[in-house]
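Trainee: Given chain S, work out where chain Z should sit, using these hints.
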Amino acid sequence: METKLNQEESDLAKWLSGNLKGPALTKFESSENFELYKNIAVKSSLLRVPETNVDEALKRQKAFNKRLKKRPSQSSWHRYKYLWTGIAAAAVIAILLTTGLFQKDTFTIQADYGQTLTHTLPDQSIVILNAGSSISYMEKSFLKKRTVTLVGEGFFEVQKGSDFIVRSTSGSVQVLGTSFNVYDRGGTYTVHCNTGKVRVQSGDGAAILEPGMYAFAKAGTLQSKMAMPQEIPMWRSGKNSYIKTALSEVFDAIERQFAVKIVRDDVDTKRTFTGFFTHDSLKKALYQVGSPMDISYTVKDDVITLK
Amino acid sequence: MKGFYAKKEDENNICNDHVYEAIFTEHYLKLRNYIYYKYGDLARAEDVVQDVFGKVWQNCATIHYNTIKSYLYKAANNSTLNDIRRLKVVRSYAGTPVHSIHFESPDFQLEEKEFMEKLQQSIGQLRPKQREAFLMHRIDKLSYSEIADLLDISVKAVEKRISQALIALKSHLGNYKF
Chain S
2 METKLNQEES DLAKWLSGNL KGPALTKFES SENFELYKNI AVKSSLLRVP ETNVDEALKR
62 QKAFNKRLKK RPSQSSWHRY KYLWTGIAAA AVIAILLTTG LFQKDTFTIQ ADYGQTLTHT
122 LPDQSIVILN AGSSISYMEK SFLKKRTVTL VGEGFFEVQK GSDFIVRSTS GSVQVLGTSF
182 NVYDRGGTYT VHCNTGKVRV QSGDGAAILE PGMYAFAKAG TLQSKMAMPQ EIPMWRSGKN
242 SYIKTALSEV FDAIERQFAV KIVRDDVDTK RTFTGFFTHD SLKKALYQVG SPMDISYTVK
302 DDVITLK
Chain Z
4 MKGFYAKKED ENNICNDHVY EAIFTEHYLK LRNYIYYKYG DLARAEDVVQ DVFGKVWQNC
64 ATIHYNTIKS YLYKAANNST LNDIRRLKVV RSYAGTPVHS IHFESPDFQL EEKEFMEKLQ
124 QSIGQLRPKQ REAFLMHRID KLSYSEIADL LDISVKAVEK RISQALIALK SHLGNYKF
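Respectively, the protein sequence lines represent chains S and Z.
Under the working numbering, the letters of the first sequence match residues 2 to 308, in that order.
Under the working numbering, the letters of the second sequence match residues 4 to 181, in that order.
If you are wondering where the hints come from, they were derived from the structure by calculation, not from laboratory data.
Wrong hints could be hidden among the right ones.
Stated by the list, open to error - Here's a subset of chain Z near chain S, in silico, CB distances under 7 Å, partners left out:
1) I26
2) F27
3) T28
4) G57
5) R141
6) S166
7) L172
8) K173
Heads up, the beta-carbon is just placed ideally off N, CA and C, and yes, glycines get one too.
Chain S with its partners taken away, still in its complex shape (with noise of 0.2 Å):
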C-alpha cells in the first residue's frame, strides 16, 4: 500500500489528534482554510451514532448463540492443543508439498445447519446454498476453468460464458448459461433445470435437459423426466416439499433447517411421505409432516425423540 503523505496530509493528521505543535501550528492557525478545518473538526467531534444498550445486545447475543452448533469440546484436546496442532500442521504440509497443492487456492463457503447463504462466484454467477451444504472452487484460476464442487445442495444462476460444471459425489452437471438446482445427499442425486440447457452426467448416463425438467439417478440409473410444478424444489422460497420420499431423508432436511437432533429410534422410517414442510417454525415442521404420517414428538433441551 503507498502510504508517503506529502507535507500537508501529515500535518492535517497530526494536528486533528493534536499534535501538531511550533512554528507548523502557527503556520497553519493562519492559513487560508483554518477556520473551516477547525469546524469539521469540532463539529464532527459533537456527532453521535445511535445508542445501543451493550447489555441488551449480549442478551440477544446469547439467545442467537444457542441456535448455533455446539461448539467444540474442550476437554483433551484443549490441553494438548499445541501438540496437536503442531502434528496436524506437519501433516497438512506434508500432503500439500506431496501433492503440489501449495499454489493452489481452494475457497470454500459453507452453509451452516439453519441458514441458507447466497455467494457471488468470481465470473458473478450466483450460488444459493440450502442448510448444511458447502461448495468450493479455485479462487484464482476459476474464471477460465469454471468447475466447482458441492456437497449437499444448492441452485445456481450461471452467467453466460464457458463451460460451467457442478461436481458433487453422484454426477457432474454441464451448462452454459441458465439456473439450475443440484440436490446430492445420501445417495440421492436430483437436478432440476430452471432456465437454459443442462447437461447431467452420472456414471454412465448423462441426459440433456430443458426448462421445467429434472434428472435424477437412484442406484446408478440416471433418468430424466418433466417436473411436476409440487416436484420443483421450493427450499429457496422458504418450503420444502417431497413425493414419494422417505422419512429419513424428510428429517435429515428438518433437522439441516432448524439445526436440531431428531431421534428415530422408535418409527420406521422407511415409509414414504409425500407433503412439504415450512421453514418459519420448527413445531410447524414437526407438525406437517408428523400429523399425516401419525407420528408424535417430544424434546428435551435440543433432542427431538419421534413416537
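Mentor: Then chain Z, alone, in the frame of chain S:
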C-alpha cells in the same frame, strides 16, 4: 498440577463465559460502529456483528485470545463482503441505489444546524476507508495507533486516510456559504 498456569489458561480461554462476555462488552460497540461507518446501515451492522460474535462462540476453542481483535475485524469485513456482493445483485434487480448515514446531531441554532447537515452529507460521500478512519477517530475517540491496530494497517496509512478525509470534507464544505 493445577496452579498458576491453569488459572492463566482459563483467563485466556474464550470458551469461558466470563472471558467471552468481557470480549463482547469491550468490542461490541466499536465493531458495530465500524461496520456502520463503512456501509451506512445500522440494522445490517448489528446483524453482521451478531454473526461475527456467533462465529467466535462456535470457534472459541481454536481462536487465540491474543488475536481476537484482528479476528473480529477481519471476520466482520469478510461477512460484509459477502453481504455487499449480494446487495449489489439485489440492487441491480431492484434498481434503487441507497446509501445513507444518519447521525444524531445535537440541537443548535439554524446555521449551526445547516452546517451539521451539510457535514453529515459530506461524510456520507467520503470514500469508505476514509470515512471509517475519520469517524472512528472523531466519534469513538480512538487514537491513530488504536485504529491501525484494529484494521491491521500502519499508523501512516491511518494518517493518510484521515488527512484525505479532511481535505475532501474541506472541499465539499468550502463551496458552501454559511
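Trainee: Taking the hints in turn, state whether each one holds.
Mentor: Hint-by-hint comparison with the structure:
1. I26: Since chain S brings no Cβ nearer than about 11 Å to I26/Z, farther than 7 Å, the hint is violated.
2. F27: holds (5 Å)
3. T28: Holds. Min distance 6 Å.
4. G57: holds (5 Å)
5. R141: holds (4 Å)
6. S166: OK, holds: S166/Z within 7 Å of chain S, min 4 Å.
7. L172: holds (5 Å)
8. K173: holds (6 Å)
Going through the hint list in order, the structure does not satisfy hint 1, though it satisfies all others.
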